[in-house]
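A.B. asks: Just so you know, the sequences run in chain order D and E.
In this text, residue positions in the first sequence follow the numbering used here: the first is 1, and each later residue adds one.
In this text, residue positions in the second sequence follow the numbering used here: the first is 1, and each later residue adds one.
Quick caveat, the hints were computed from the structure, so don't treat them as lab data.
For every residue, glycine included, the Cβ atom is placed at its ideal position computed from N, Cα and C.
Any given hint could be a false lead.
Non-contacting residues of chain E with respect to chain D, defined by C-beta distances greater than 12 angstroms in every case (computed) [to be verified]:
| # | residue |
| --- | --- |
| 1 | Gly58 |
| 2 | Gln119 |
| 3 | Gly213 |
| 4 | Val230 |
| 5 | Phe265 |
Calculated Cβ distances over 10 angstroms to all of chain E for the following chain D residues [claimed, not checked]:
| # | residue |
| --- | --- |
| 6 | Phe18 |
| 7 | Ile29 |
| 8 | Val123 |
| 9 | Arg145 |
| 10 | Pro199 |
| 11 | Ala219 |
| 12 | Tyr299 |
| 13 | Tyr301 |
Label-pair restraints from in silico Cβ distances [said to hold, decoys possible]:
| # | chain 1 | residue 1 | chain 2 | residue 2 | range |
| --- | --- | --- | --- | --- | --- |
| 14 | D | Ala219 | E | Pro66 | 55 to 63 angstroms |
| 15 | D | Leu107 | E | Ala155 | 54 to 62 angstroms |
| 16 | D | Ile323 | E | Ala151 | 52 to 60 angstroms |
| 17 | E | Phe259 | D | Thr322 | 43 to 51 angstroms |
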Amino acid sequence: MSAFDSPQNRAASGTGYFASLSRWNIFEILFWLALASLYFWPHADLVLMSQIFIWGLFAMSLDVLLGYRGIPSLGHAAFFGIGAYVAGYCGKFGWTEPISALVLAMLVAAGVGWLTGKLVQRVAGVALLMVTLGLNLILYDLVHRSTEITGGDDGLQGIVIDPVLGLFRFDIFGRTAFWYALIVTFVLFVATRAIIKSPFGLALTGARENPRRMIMLGAPVEGDVSRAFALAAALAGASGALLTQTTQFVAPSSLSFQRSADVLVILIIGGAGRLYGGFIGALIFLFLRDWLAAISPVYWYFWIGLLLVVVVSFFRKGILPTIEDVYTRWRGRRGASP
Amino acid sequence: MSAVLTVLFNGIAYGFLLFIMSVGLSVTLGMMNFVNLAQASFSMFGGYVMVMAMQWFGVPFLLTLPLVFLVIGVLSVVMERLVFRHFYNTDDLTQVLLTIGLVFMSIATATYFWGGTYQRIDMPPWLIGQREIFGLTLETYRIFLIVIGLAMALALILGLERTRFGAMVRACVDNRRVAGACGLNTGLIFALTFAVGGGLAGLGGALSANLLGLDPNFPLRYLVYLLIIVSVGGMGTISGTLIAGIALGVADVMGKYYFPQFGGFVIYVLTVLCMLWRPQGLMGRKA
């Protein structure tokens, strides 16, 4: 090892800093192995598991906007729905190959996201919440009302999805769906992680913390909002497409306000600005929902509401950051004692 | 022509109802910057208090209204002291999530106590039916709503502009820290404003039960409308809330009457355009 390669020198040079930032640690590797190992659990509910990956990916897409750029959106389901419907129309009108349809769904969603970013980049605070919510409601209403094109409440019927890579058919036990959702989610996670840990990601965080200072540092923040929106929308579109392809069905509920609220709840429970927060939140939220809906079908929303109140009251940063803090403190104490 | 006027009239009555429900939210938002979505739940509980008072204790309809105002006012001040005041210094999103959590809990609570179905409401005979006014056949209950709504708006505007307490409230809306530094007990003013706003929300809920129907999903159905009114009107302004409420009521009723195929579309497009044009709301001042 040459002297030039010492950690201090690497941290001082720009690329070295980003290289050390993006190194995988043991917990991350264990986390993904644990998700994959869920497949081998006895009596594992594979359909629920794929739902967790899809919601986790969706929550991560919101995290790019909210956690890293600091833009709250009350209408994130719009992008999810766009992805879901693009994938649905592909399957209905003969484009049955799933991976290319997924990419198309991402591109369409990213385009809409970019335009949305352009539209809202000058608005902030409550007005921003209202505009994103309004756009979501407009889209929902359009889809909900155009019964001839979208099937309205009944959803899109007759979606055909080819086997993945021509080898793995989507089966009723959700085996293919599990691996397809997990692998797509993992690939997109790795890509997002690379983007977030790049200079662009750092600039996003900078603009979240203090846009004025970023301008003074000579870093342009103008296009940031639309780029963050495009990235977040592409990821949300991918999760929507995954839902369509694994269930071979789309309904207007894929872009309902309920979904926008749920994904926000998931991200906040897990912890925003962490990449993994959305996945932790999705695990907790969906398992809890599944369990509560089984024991009290009518009142389970009470417990979700209580969970939300408890999380924002006592773990204001979300569950994952709270655990991280406790862990860091514990390590600090252990390191201090001889 | 008379059909247009009747639809317009129905929209205005609806708008006054929305105004009464949302004015408390607007003032607390302007004053404490606190996004209280649970305002919609206060309205729902207001409706249930009225139904209970009428069905179980036989209280006459007109008497239930001040009762609802008092009960929900006390309930909201209790919530303010116990929960909300700890969240005044947090960001918008935390407040939205906290109060939406409370909305979820309130829906389940209402389902537990009163069941998931719509409540039957028996109006007194003098409020049922239609009356002829200026050659128009108008529903009596809507006339009643407009009268009450006008009285409320007038009382609020005069109360805020002409009374000592109103001046204190305005001082807090303008600048909370300076108002505190001048010796005003801002905590007490907040609590009282919260009580009045909550009481009005409850009153709005009680008045709307007959027209809009009362079931546990009431808060979620009208939450979006309240948010639209408050942000379009501009936070903390009573006149803005009134204008936005009536505009929304008229646009909604007219849209659903003349273009039923579009549904809520008209309102949402108008809202988005309005927010992009004036992010601070119609009557709001630039932050």
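A.B. asks: Confirm or reject each hint.
C.D. replies: Evaluated hints:
Every Cβ of chain D is farther than 12 angstroms from the Cβ of E:Gly58; the closest lies at roughly 30 angstroms, confirming the non-interface assignment. The beta carbon of E:Gln119 sits about 17 angstroms from the closest Cβ of chain D, which is more than 12 angstroms, so the claim that it is off the interface holds. Every CB of chain D is more than 12 angstroms from the CB of E:Gly213 (nearest about 19 angstroms), matching its label as outside the interface. Non-interface call for E:Val230 relative to chain D: violated, since the shortest CB-CB distance, roughly 8 angstroms, does not exceed 12 angstroms.
Residue placement check: E:Phe265 does not keep its beta carbon more than 12 angstroms from all beta carbons of chain D (closest about 5 angstroms). The claim that D:Phe18 is not at the interface with chain E holds, since no C-beta of that chain comes within 10 angstroms of its own (minimum 29 angstroms). No beta-carbon of chain E comes within 10 angstroms of the beta-carbon of D:Ile29; the shortest separation is about 32 angstroms. Non-interface status of D:Val123 relative to chain E is broken: a Cβ of that chain comes within 10 angstroms, the nearest being about 5 angstroms off.
Non-interface status of D:Arg145 relative to chain E is broken: a Cβ of that chain comes within 10 angstroms, the nearest being about 6 angstroms off. The claim that D:Pro199 lies off the interface holds: its Cβ sits roughly 27 angstroms from the closest Cβ of chain E, which is beyond the 10 angstroms cut-off. Distance check on D:Ala219: its Cβ is at least 24 angstroms (rounded) from any Cβ of chain E, clearing the 10 angstroms threshold; non-interface status holds. Not every CB of chain E is more than 10 angstroms from the CB of D:Tyr299 (nearest about 5 angstroms), against its label as outside the interface.
Not every CB of chain E lies more than 10 angstroms from the CB of D:Tyr301, the least distance being 5 angstroms, so the non-interface label is violated. Checked against the hint of 55 to 63 angstroms, the pair D:Ala219 and E:Pro66 passes, with Cβ atoms roughly 59 angstroms apart. Checked against the hint of 54 to 62 angstroms, the pair D:Leu107 and E:Ala155 passes, with Cβ atoms roughly 56 angstroms apart. Evaluation of the 52 to 60 angstroms hint for D:Ile323 and E:Ala151 yields a pass: the beta carbon distance comes to about 55 angstroms.
The supplied range of 43 to 51 angstroms is met by E:Phe259 and D:Thr322, whose beta-carbon atoms lie about 50 angstroms from each other.
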